[in-house]
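Using the sequences and the accompanying hints, generate a full structural model.
Protein chains in written order, with the working numbering: chain A, 1 to 143; chain B, 1 to 143; chain C, 1 to 143; chain D, 1 to 143.
Quick caveat, the hints were computed from the structure, so don't treat them as lab data.
Please note that the accuracy of each hint is not assured.
Copies of the same chain look alike in the list, so a pair counts if it works inside one copy or between any two.
[Unchecked claim] Once the Cα atoms are required to be at most 27 Å apart in a straight line, the calculated BS3-like pairs of lysine-lysine come out as:
id	residue 1	residue 2
1	K48	K18
2	K18	K67
3	K18	K132
4	K88	K132
5	K67	K88
6	K48	K67
7	K18	K88
8	K5	K67
Protein chains: 4
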Amino acid sequence: MMEIKPYVHTVHYYETDKMQITHHSNYIRFMEEARIDLMEQMGYGFEKMEAEGIVSPVMSVTCNYRKPTAFPDQIVITLHVEELTRLKMRFGYTMTVGGTVVCTATSQHCFLRGGRPIALEEELPEFYGLLKEMTRANGAIDN
Amino acid sequence: MMEIKPYVHTVHYYETDKMQITHHSNYIRFMEEARIDLMEQMGYGFEKMEAEGIVSPVMSVTCNYRKPTAFPDQIVITLHVEELTRLKMRFGYTMTVGGTVVCTATSQHCFLRGGRPIALEEELPEFYGLLKEMTRANGAIDN
Amino acid sequence: MMEIKPYVHTVHYYETDKMQITHHSNYIRFMEEARIDLMEQMGYGFEKMEAEGIVSPVMSVTCNYRKPTAFPDQIVITLHVEELTRLKMRFGYTMTVGGTVVCTATSQHCFLRGGRPIALEEELPEFYGLLKEMTRANGAIDN
Amino acid sequence: MMEIKPYVHTVHYYETDKMQITHHSNYIRFMEEARIDLMEQMGYGFEKMEAEGIVSPVMSVTCNYRKPTAFPDQIVITLHVEELTRLKMRFGYTMTVGGTVVCTATSQHCFLRGGRPIALEEELPEFYGLLKEMTRANGAIDN
Chain A
1 MMEIKPYVHT VHYYETDKMQ ITHHSNYIRF MEEARIDLME QMGYGFEKME
51 AEGIVSPVMS VTCNYRKPTA FPDQIVITLH VEELTRLKMR FGYTMTVGGT
101 VVCTATSQHC FLRGGRPIAL EEELPEFYGL LKEMTRANGA IDN
Chain B
1 MMEIKPYVHT VHYYETDKMQ ITHHSNYIRF MEEARIDLME QMGYGFEKME
51 AEGIVSPVMS VTCNYRKPTA FPDQIVITLH VEELTRLKMR FGYTMTVGGT
101 VVCTATSQHC FLRGGRPIAL EEELPEFYGL LKEMTRANGA IDN
Chain C
1 MMEIKPYVHT VHYYETDKMQ ITHHSNYIRF MEEARIDLME QMGYGFEKME
51 AEGIVSPVMS VTCNYRKPTA FPDQIVITLH VEELTRLKMR FGYTMTVGGT
101 VVCTATSQHC FLRGGRPIAL EEELPEFYGL LKEMTRANGA IDN
Chain D
1 MMEIKPYVHT VHYYETDKMQ ITHHSNYIRF MEEARIDLME QMGYGFEKME
51 AEGIVSPVMS VTCNYRKPTA FPDQIVITLH VEELTRLKMR FGYTMTVGGT
101 VVCTATSQHC FLRGGRPIAL EEELPEFYGL LKEMTRANGA IDN
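This is the structure we're talking about:
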C-alpha cells in the first residue's frame, strides 16, 4: 500500500476572527487543500482528472470542531476513505495540532464526466483500486 | 409565536470558483449570516449576547449540497430549531433559489459565559422560551 | 444625469480578524460588490456585459484605510469615475460609516472581448456616454 | 546583511473565481502571508511583536495585476523595504510564477503600542537597523 504524507496547513492571520481563533468556515477549505494534495500524491491530481474530463464535486460535508485553533498553528490533516460505493465515496479527515485532535470531518463526493455520474471502478480502475485499499486498511465500509 | 423573516444572501462574484459555481465553503458563511440575522430578529443579537457576556461557538456543522448556485443568485435561507437540550441547540437551515431547494444544513451550538457552558433555560429564560417555541412549531426533538 | 444609489455592505462576523476589526483584504471585495451594483444600476450589469461578450478585469487597485471598521458596521460605498481614456477607466470609492470616511480606494479596468482590449466609445457608446457624464460631474480627468 | 528566503504561495482551488483565475482580492492576503514570513525570518515575528505589545496595522495597499494566475500556480513573493521614515514604513512586493512577474504591490504600515504610534528606531532599534539595511540594499528612499 502506498505511503501518504499528511497535509499541513499553517493558519494564516486572515483566517482568524474576532474571537481570536480560526473561523470555523475555513476548515472546509483546509479539507479541500488536503484532499487535493492526497489525490496528487496518489497520482490522480487535479490536472490528470481534468485531462480525463472528470470532475469530483462535493455532495456533502460534516465538520466537528473539537478544540479551537489559532494563528499560526500548524494543523496536520490525515485522510482516509470512509466509504466507497459504485458512484460515491466519502473521505474522513482528522486534524491535529501538536498531537491533539482539533477537528474531525467528512466529505462525500461523486465523479462526473460531461455532467453525468460515472463508476470509478470502470472508468479509472487503477484509482478505484487505490481507494479501495485505503478503505480496507482503514476497516471502513466497503461496497 | 413571532414572525421571522427569511434571510437572503445574494451570491457575490468573489464567492464563485473555477467551476463557475458558488464555492461550497461559502455556504458555511451564509449559515452564520442567517443565524446572526435570526438572533437579531429574536431580540438576542450579537451585541445583546456580548453585553450578557455570552458567546455561542459552533460545535459542528453538516451541509448537503443539492444543486449548485451561481453569481448572482439570491439564496433564501430559513432556519428552524432542530434540537434544544439543556446545554446544546441545533439549528436546521433550508436554502432555496427561486423556490428550489439548493442546500440543507445544520449547526450545533453551546452557550458559554467566561469560557464555561451555561444552561440557557436558567440564564436567559425568555430567549430559551422563544427557541423552545420554534422547536415545537417545527415538530423537532425537544428536551 | 442618472441617480445612483450608494451601495451598503454590512460587515459580517467572518470578515473580522483577531484584531477584532474588518480584515483589510475584504475592502477589495466590498469594492467589487459596489462596482457590480453600480454597473447594474447603469443598465450594464454583469449579465448584459457577458451577453455582449465583454469582460472587465481589474488591472490595479489602491486602498487607503482611514479608520478601522467592525462587525456589524454598515459601510456605505459611493463610486465615481476618476479617469476615462480610450482603453481604460478608473473608479474611485469612498466608504463611510455613520458619515465618517473609513476608506478611500481606486480600481483601474480595461474592457476585453475575446481576450482583446476594446474601445468602449466604439463598442458600447451609450455606456461610455454614461461613464463620461459621471466623470465630468465629478471634475475628474477626462480623455 | 541577512539572507531572506522568498515566500511561496501555492494557489488553492478555492482562491479561483468564475473567470478561472485567482481572484484579485486574494493577492492582498498573499502579501500578508509573505510579510509575516519575512518578519519571522528577521526574528521579529508576530509572537515577538505581540510580546512587545506592538501591532503593525496596514495603512494602505496598492496592487498591480500584470498577468493572471491560476490553480495550482506557485507564486514566489519577494519583499523589500521601499521607504522607512520615523513613524511609517512601506514594503514592496514582487510576485512571479516561473520567473515571470505576475503582480507588483506595496503596503504601508505604522507601529502602535497601546494604540499610539511609536518610533521603531527608539523602541526596537535592532529591528529598525535590519529594515534600514534592507532599504539601502534596495536603493530605496531612506529617511
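We went through each hint and held it up to the structure:
Taking the shortest alpha-carbon separations for K48 and K18, only the inter-copy value of 16 Å comes in at or below 27 Å, while the best intra-copy value is 40 Å. In this assembly of identical chains, the alpha carbons of K18 and K67 lie at most 27 Å apart whether taken from the same copy (17 Å) or from different copies (17 Å). For a Cα distance limit of 27 Å, the shortest separation of K18 from K132 qualifies neither inside one copy, at 42 Å, nor across copies, at 29 Å. In this homomeric assembly, K88 and K132 come within 27 Å of each other (Cα to Cα) only inside a single copy, at 12 Å, whereas the closest approach across copies is 37 Å.
When the C-alpha separation of K67 and K88 is checked against a cutoff of 27 Å, the pair qualifies only between copies, where the shortest distance is 16 Å, while the shortest distance within a copy is 30 Å. For the homomeric pair K48 and K67, the shortest alpha-carbon distance between copies (24 Å) is at most 27 Å, but the shortest distance inside one copy (36 Å) is not. Taking the shortest Cα distances, K18 and K88 sit within 27 Å of each other only across copies (22 Å), while inside one copy they are farther apart (38 Å). Taking CA atoms no more than 27 Å apart as the test, K5 paired with K67 passes inside one copy only; the shortest distance there is 23 Å, against 33 Å between copies.
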